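Quick mapping for you: the protein sequence lines, in order, are chains A and B.
Using the UniProt record's numbering, you'd call the opening residue of the first sequence number 1 and step up by one each time.
Using the UniProt record's numbering, you'd call the opening residue of the second sequence number 1 and step up by one each time.
What the hints contain is simulated information worked out from the structure, not anything from laboratory work.
Treat the hints loosely; a few may be bogus.
[Stated by the list, open to error] Selected chain A positions facing chain B (in silico; Cβ < 8 angstroms):
id, residue
1, R68
2, V72
3, W147
4, E155
[As the list claims (entries may be wrong)] The calculated label-pair distances, taken between Cβ atoms and stated as ranges, are:
id, chain 1, residue 1, chain 2, residue 2, range
5, A, H292, B, E79, 39 to 45 angstroms
6, A, L11, B, Q23, 55 to 61 angstroms
7, B, E106, A, G54, 35 to 41 angstroms
8, A, G54, B, K277, 53 to 59 angstroms
Model, not experiment: these values are computed from the prediction.
Each residue gets a CB set at the ideal place from its N, CA and C atoms; glycine is no exception.
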Amino acid sequence: MEKRVTFKGWLLPMLLLLPQVIITAVFFFYPAGQAVWQSLFIPDPFGLSSRFVGLGNFEYLLGDPYYRASFVTTAVFSGLVTLVSMGVALYLAVLADRLIKGSGTYRALLIWPYAVAPAVAGVLWMFMFNTRVGVVAWYLGLLGYDWNHVLNEGEAMGLVVVASAWGRISYNFLFFLAGLQAIPRSVIEAAAIDGARFWTRFRTIVWPLLSPTTFFLLVVNVVYAFFETFGVIHTITSGGPQQATTILVYKVFKDGFVGQDLGGSAAQSVILLVLVGLLTVVQFKFIERRVHY
Amino acid sequence: MKFNTFAGTAAAAIAFGTSAFAQTEIQFWHAFTGRLGELVAAQVEGFNASQSDYTVVATHKGNYSETLNAGIAAFRAKEQPQILMVFEVGTATMMAAKGAIKPVYEVMAESGAAFNPDDYIGSVKGYYTSADGQMLSLPFNSSTPVLWVNKDALSAAGIDPAVDLSTWQKVGEVLDKLKDSGHACPLTTAWQSWIHLENLSAYHNVPFATKDNGFSGLDTELAFNAPLQVKHIQTMGDWAKEGKFIYKGRRNEGGADFRAGTCALFTESSAGYAGIKSEAKFAFDVRPLPYWDGTEGAPQNTIIGGASLWVMTGHEAEEYKGVASFLNYLSSPEVQAKWHQDTGYLPITRAAGELTRSQGFYDANPGTDIAVKQMTAKEPTANSKGIRLGNFDQIRGIIDEELESVWAGDKDAQTALDTAVQRGNELLRRFEQANR
Numbered sequence: 001m002e003k004r005v006t007f008k009g010w011l012l013p014m015l016l017l018l019p020q021v022i023i024t025a026v027f028f029f030y031p032a033g034q035a036v037w038q039s040l041f042i043p044d045p046f047g048l049s050s051r052f053v054g055l056g057n058f059e060y061l062l063g064d065p066y067y068r069a070s071f072v073t074t075a076v077f078s079g080l081v082t083l084v085s086m087g088v089a090l091y092l093a094v095l096a097d098r099l100i101k102g103s104g105t106y107r108a109l110l111i112w113p114y115a116v117a118p119a120v121a122g123v124l125w126m127f128m129f130n131t132r133v134g135v136v137a138w139y140l141g142l143l144g145y146d147w148n149h150v151l152n153e154g155e156a157m158g159l160v161v162v163a164s165a166w167g168r169i170s171y172n173f174l175f176f177l178a179g180l181q182a183i184p185r186s187v188i189e190a191a192a193i194d195g196a197r198f199w200t201r202f203r204t205i206v207w208p209l210l211s212p213t214t215f216f217l218l219v220v221n222v223v224y225a226f227f228e229t230f231g232v233i234h235t236i237t238s239g240g241p242q243q244a245t246t247i248l249v250y251k252v253f254k255d256g257f258v259g260q261d262l263g264g265s266a267a268q269s270v271i272l273l274v275l276v277g278l279l280t281v282v283q284f285k286f287i288e289r290r291v292h293y
Numbered sequence: 001m002k003f004n005t006f007a008g009t010a011a012a013a014i015a016f017g018t019s020a021f022a023q024t025e026i027q028f029w030h031a032f033t034g035r036l037g038e039l040v041a042a043q044v045e046g047f048n049a050s051q052s053d054y055t056v057v058a059t060h061k062g063n064y065s066e067t068l069n070a071g072i073a074a075f076r077a078k079e080q081p082q083i084l085m086v087f088e089v090g091t092a093t094m095m096a097a098k099g100a101i102k103p104v105y106e107v108m109a110e111s112g113a114a115f116n117p118d119d120y121i122g123s124v125k126g127y128y129t130s131a132d133g134q135m136l137s138l139p140f141n142s143s144t145p146v147l148w149v150n151k152d153a154l155s156a157a158g159i160d161p162a163v164d165l166s167t168w169q170k171v172g173e174v175l176d177k178l179k180d181s182g183h184a185c186p187l188t189t190a191w192q193s194w195i196h197l198e199n200l201s202a203y204h205n206v207p208f209a210t211k212d213n214g215f216s217g218l219d220t221e222l223a224f225n226a227p228l229q230v231k232h233i234q235t236m237g238d239w240a241k242e243g244k245f246i247y248k249g250r251r252n253e254g255g256a257d258f259r260a261g262t263c264a265l266f267t268e269s270s271a272g273y274a275g276i277k278s279e280a281k282f283a284f285d286v287r288p289l290p291y292w293d294g295t296e297g298a299p300q301n302t303i304i305g306g307a308s309l310w311v312m313t314g315h316e317a318e319e320y321k322g323v324a325s326f327l328n329y330l331s332s333p334e335v336q337a338k339w340h341q342d343t344g345y346l347p348i349t350r351a352a353g354e355l356t357r358s359q360g361f362y363d364a365n366p367g368t369d370i371a372v373k374q375m376t377a378k379e380p381t382a383n384s385k386g387i388r389l390g391n392f393d394q395i396r397g398i399i400d401e402e403l404e405s406v407w408a409g410d411k412d413a414q415t416a417l418d419t420a421v422q423r424g425n426e427l428l429r430r431f432e433q434a435n436r
């Protein structure tokens, strides 16, 4: 079944690979190499002098309980964002899949939030929950709940999770819906004739057949939560209150671009790089085994 | 056809731009938008119109942090402007960058411009002056914290709007009354670290950090976990618990609440004046920052916040002449007095302050001179000259986090301040390492 093209010489294949190799080298290997190199120094911000400290930056970071706490924050945050965005998307996709009339409209509407940039989404949610002018905060106040994510760590985390997951639901929804529609109707109908109810059919047929999609989304969403949620956090909480929403990538920004600690910041991005690499390996080694293609 | 006309105009504009103005161009990067941005533009236009040798080009580069970053990135790319605006927190960073900055006193001396450091107000220039008394950057916008009062809110709670609010003890009594009358936000603040730790320390003549608050050495250590600061933060924490002090955020989020009339008392920069005056639909008053009665030496003087102008290296002597002449223009009494009256920022020279007084501005706008008086009442001491710490922006971030733990009731003041000192000291040691 496999289609393989074989080239006669080696020049053409190399040539065809070249653009991708160049792009990867320029935009990934070169900066990543720079980050590794910089992480061994404590430079002054202007690049006038630089002190070699070996693994000193890493020692300093890993010895800092607040940096270590940031790992837990990141794990909680990414876990929740992934769970919420995938859970809601799957639920909506299942509903949309069963629709006969008007499914196009629903689909279009559900995809809209994906077009909103994270920073804009952050500002949107910030205004809804703003303790002074926020509509939602105001209604919660009427219900007797004093919403204050400026001081309450749980509420702050909840808010950035929802704001980050919101736009992502659309993306996940698209993939889940496509995945659902690719499942042959005949299999499901056969099960229905055998007397399997919706929930049984979902558990025993749909969910396993959907697993490649789910796995793909899991990887993509975890990476999203790690790296692309910066805008949401920056606009809503700036990492606070205390350090409740300071995820690793936000700390890289804060220490590097606000604090001018370029060495420490580079060391953090190296740690982040290794962490995400490991996470992806784990996902492919252990979770992919349970995926049915 | 349309395109041709456009191209023609553009070409003409370019030709005109290069040939007609054979002036020396000076780049000035700043962090102001809105009303302040307009006022800066007006200053620059005024300078450009006043002489024909130099053209200053002012460019907005984002907020304070972003402007500093833009300057640093530009320096690394060898495309730095002649003048860069840096907020007070970045002072130690700039001072340590010896090869990147050209001290203002040097620029002035080399260009032969008239320059007398004694014309500048001591507590303003002190922040930007080296240990041996040389002015390194030109103070541009400086403000100091004061207490803003919503007089209508006090009256509504049955309190005399002229009530004495000079000490924190007295403020406490007023907060009790406001709370008893059911007021939802008796007190809020902006810039908590700047006002309630940095200025608190200076105002009571106690050190914020050792080595004269960092002025006389990079081996400075934080010292704001002493009894006075603990007492103040603990009191604020208790007020927060009792609903008398409402925390609104790390920056000046509380300003919107005060201007909307939601909060009765508000500790904020004197530069809040422009916004409060234009938005507040109630009678307001400005009072000196309260102090703790019974503390020896209090009230001393408060310290400034804001930004100064740094001159960067790597440019021609002719350009530095232009820089000197622009900085002199900014310091001239007329320009300064106008800036002071428009913005609520402090005048940087004595002459500007006197001119404002003789113009009758303080009589027409009562309270606007409180900030000036508060800063100049006493000669600054080693504890009240300013604060010069490396990684200060990050240290403020740590202080914000730890204060939030007090406001939330998670930690008592002593524990929180001890932790902040210990965490901040680590950053000071890193800065020392980077700049040894």
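- Please name the hints from earlier in the document that this structure breaks, with their numbers sorted from lowest to highest. As far as the earlier hints go, 1, 2, 3, 4 and 5 are violated by this structure, in ascending order.
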